[in-house]
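Following the hints, complete the assembly by docking chain B onto the known chain A.
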Amino acid sequence: MSMKTLLAAASLVAMAASAQAEVKIGMITTLSGGGASLGIDTRDGFMLAMEAAGRDDIEVIIEDDQRKPDVAVQLADKMIQSEKVDILTGIVWSNLAMAVVPAATAQGKFYLSTNAAPAMLAGKGCHPNYFSVSYQNDNLHEAAGAYAKSEGYTKPFIMAPNYPAGQDSLNGFKRFYGGELAGEVYTKLGQTDYAAEIAQIRASGADSIFFFLPGGMGISFLKQYADSGVELPVMGPAFSFDQAILQAVGEAAMGVKNGSNWSKDLDNAANAAFVSGFEKKYGRLPSLYASYGYDTANLLLSALETAEPSDAEAFRAALKAADFDSVRGKFSFDTNQHPIQDIYIREVIKEGEVYTNKIVATAIEDRSSAYVDECSMN
Amino acid sequence: MSPILLAEQVLNGLQSGVMLFLMAAGLTLIFGVMGLINLAHGSLYMIGAFAAAAVAGATGSFALALVAALAAAAAAGALIELVVIRRLYARDHLDQVLATFALILILSEGTRWLFGSFPLYLNMPPALSGTVSLPGGIVYPVYRLALIAVGIAVALGLWWLNARTRLGIRIRAGENDREMIAALGVDISKLYTLVFAIGAALAGLAGALVGAIQSVQVGMGEPVLILAFVVIVIGGIGSIKGALIGALLVGLTDTLGGVLLPELFKLFTDPATAAATGSAFASMAIYVLMAGVLIWRPTGLFGARA
Chain A
560 MSMKTLLAAA SLVAMAASAQ AEVKIGMITT LSGGGASLGI DTRDGFMLAM
610 EAAGRDDIEV IIEDDQRKPD VAVQLADKMI QSEKVDILTG IVWSNLAMAV
660 VPAATAQGKF YLSTNAAPAM LAGKGCHPNY FSVSYQNDNL HEAAGAYAKS
710 EGYTKPFIMA PNYPAGQDSL NGFKRFYGGE LAGEVYTKLG QTDYAAEIAQ
760 IRASGADSIF FFLPGGMGIS FLKQYADSGV ELPVMGPAFS FDQAILQAVG
810 EAAMGVKNGS NWSKDLDNAA NAAFVSGFEK KYGRLPSLYA SYGYDTANLL
860 LSALETAEPS DAEAFRAALK AADFDSVRGK FSFDTNQHPI QDIYIREVIK
910 EGEVYTNKIV ATAIEDRSSA YVDECSMN
Chain B
268 MSPILLAEQV LNGLQSGVML FLMAAGLTLI FGVMGLINLA HGSLYMIGAF
318 AAAAVAGATG SFALALVAAL AAAAAAGALI ELVVIRRLYA RDHLDQVLAT
368 FALILILSEG TRWLFGSFPL YLNMPPALSG TVSLPGGIVY PVYRLALIAV
418 GIAVALGLWW LNARTRLGIR IRAGENDREM IAALGVDISK LYTLVFAIGA
468 ALAGLAGALV GAIQSVQVGM GEPVLILAFV VIVIGGIGSI KGALIGALLV
518 GLTDTLGGVL LPELFKLFTD PATAAATGSA FASMAIYVLM AGVLIWRPTG
568 LFGARA
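Going down the list, the sequences are from chains A and B. The first sequence begins at 560 in my numbering and counts up by one. The second sequence begins at 268 in my numbering and counts up by one.
So here's chain B without its partners, still in its complex pose:
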């Protein structure tokens, strides 16, 4: 394998990592602040993608489509929090899992009812299509570079929000002691709705950005949700820094594992068998990574709570 191919695969791993981060950040924020396991996070990703596809189809503008995705996912998130999630904070995690699983089914069938069963069309803006030559002779799609840039920008924005704003102080306080900040006069229920809407908007943004290079269809959120859970378990539940590091680790392991393991098996066996066995081992790679991290650090890389 040439160094150029390897460098390209590292970029691919980074790109898939930062998109995972958008999902995992919302998930970990919601868990950290409210102690809620939200299985319906993947549905918010789907809502973002469908809203973007619908608006892009009607107006032809990708920028408007992104705005619509953020708005639709945030609105859906806030609505879900007000109507359903609010009743679940005091319940145990099993009740939360059951209720949010029901939300997956309702949102999926609702989306099918609105948009039909056939996949929708959403494409990247012409300005970002095509490829660019990077130093060292790597030919790389512009859109994927843009995705990496957006991911980094969101990570910086979240850091700023968390560390430098009043809202961030409240979020951190809410993570540590929710009774106390309620006693100090912070409207905790409004804070919860806001945090849920921010998490939902991030998922919607990821859905719209990724939807442009994938297929916009019902059920697209669930495979990503599973990966996002792996990310927050590796990073430590509730930690945004952990979500970022975890997402990059998972993205890189997943991409490089899929490329390198079949190559490794080719040293021992014929190409057809190597391709099949290597690919089978590659799909386990991130779970092996997760198990390894948990043995080393049972609360994840940056997990504070026991």
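Pulled out of the complex, with its shape left as it was, chain A reads as follows:
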């Protein structure tokens, strides 16, 4: 055998080896339009962990879904059929997740959720290839409900947009609060003026307010509420009080209590490394979404240490073991492959010129999800 053929054979073998080891991850997230800041943080958190791992055999393909379900479906098809990805991740919104996840898992792909975790996918629609790394949608609202009860509030006024996640939110709050309400209002999705609702709150004799208004809706509500002269304690899930949004709300958010499974002041080594690493690389404080992206990447990396996605059975077991250092500290999967974790109450504070959060209480310990019994993977 001549030297030339030997070299050719060796390079062929090397190519085959690298082709085998190559893992392709498809990230579909929102990078343009109104919800872009959420997707950008998800991506940046995910890539921070990926780059720290320095594995050049993993390829991450990132695409922008523009927060549109049809675009997300097209991207997922393209990634599965022509790019041949092994794992999908990154979707922020529940309606997009419902459009993409069932089809992707049915085609044998793994899906790791960095945020959206609708009730359907935690219960009747659970799937062996679907993992939620973030939470189940109801969790953060449940924490606020538990907090309202522990604070002894007797007449909260509760409010959310009229769409599936909004209804899940109010149900989650009521599940752990369990008492009487001063009022229950569904607003329009995308509503920007809350004068009518604030007037109702003032007239209702409420002793506290719980609201779930993600994105710009929450900014509008808080600014208008702060100027309305109504001064009741305000609670909500973390989304409306997150790092990306707080600076736009400003003073109006001070003191608000919000339910969250992560906070930048959680005291563990992984979180300290994450917060300082993120700030160093991107020049801003990380948000909740960035922490989910970061945890998802680290879970994925831990599973890839022991198994290949091509061996679905082994890879699934490796994911399920959740053998990684979560920035949330304690982290394990329940039978429906959603996390069991502590959920905290944070308070909005000001550090120097920057608005941020600190943990003030643990609302629910070792919380799984309300739908785990409906899942057939028991």
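I should point out that these hints are in silico values taken from the structure, not numbers from a laboratory. For clarity, every value in this text was computed on a predicted model and none was experimentally measured. Heads up, the beta-carbon is just placed ideally off N, CA and C, and yes, glycines get one too. Heads up, some of the hints might be wrong.
Chain A regions said to be covered by chain B (calculated; three or more residues, Cβ under 8 angstroms) [stated by the list, open to error]:
#1 594-607
#2 744-755
#3 786-794
#4 800-806
Just chain B, lined up with the frame of chain A:
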């Protein structure tokens, strides 16, 4: 529901109506004079809000921020008219819709490129914050009362401009017969640029005023644009009076529908279901209103053209 709460909700409806009027007036003026459907009107609203937030952030002055919003939106409007819109007057409405839709995408991504994806901070001036007690025991935010006053002032100003000035005569003449006034020696292209800039400035003003109590972010103009289209269809396309009446009708229907319909459903079912169903029906209310008006008057309340 107490009379005080009802009165407060009527004020809320008026306030949302006059802000809609600022948007709808520009839209209807541009359609009336130039026959152009401008989908990018919502982007001008966004430009006004971003300009105001940037200037308020740099100088701390809300008055300067409003001036900046007017100037930036008018300048952007004039530029858009000169570069893009001018080529569209002779084309049919589908081409106009396509081109102005492209403008939405370009302006949105351009704004993101300049200001980033995170919402900006813009707050009302301290002098207008807080609440005031009105006769009858209504506690109402001062800023919203100021918005109502600004809206009424702009409506009066537009009426004066349209009915009492030479420019108004030209605008009305341009609506009726553009070839004829061109033949009479009026520089029609300059008139078009001016009208477009006035419409844009009104949208920018609305964006800045509303931005102070809402969230200043990319894409904030499109939901308002849809409502503004509903307003001009109800009021009659091209009529400023129609835009005012239509805007108040839409503002009041939207606000009161959202409050009263869930109350109505509570008579029949439990509060949780009533809240969800009532809210679902309330989001349809303005479209039902529009359909009703169109059945009664197919060209809108004050629409002249068939």
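Hints, one by one, checked against the model:
Counting residues of the stretch 594-607 of chain A whose CB lies closer than 8 angstroms to any CB of chain B gives 3, which reaches the minimum of 3, so the coverage claim holds. Judged by the Cβ-Cβ criterion of 8 angstroms, the stretch 744-755 of chain A is covered by chain B as claimed, because 9 of its residues qualify and three suffice. With a threshold of 8 angstroms between beta carbons, the proposed coverage of the stretch 786-794 of chain A by chain B holds, since 3 of its residues qualify and at least three are required. Residues of the stretch 800-806 of chain A with a Cβ under 8 angstroms from some Cβ of chain B number 3, which satisfies the need for three, so the listed coverage holds.
Violated hints are absent here; each numbered hint is respected by the structure.
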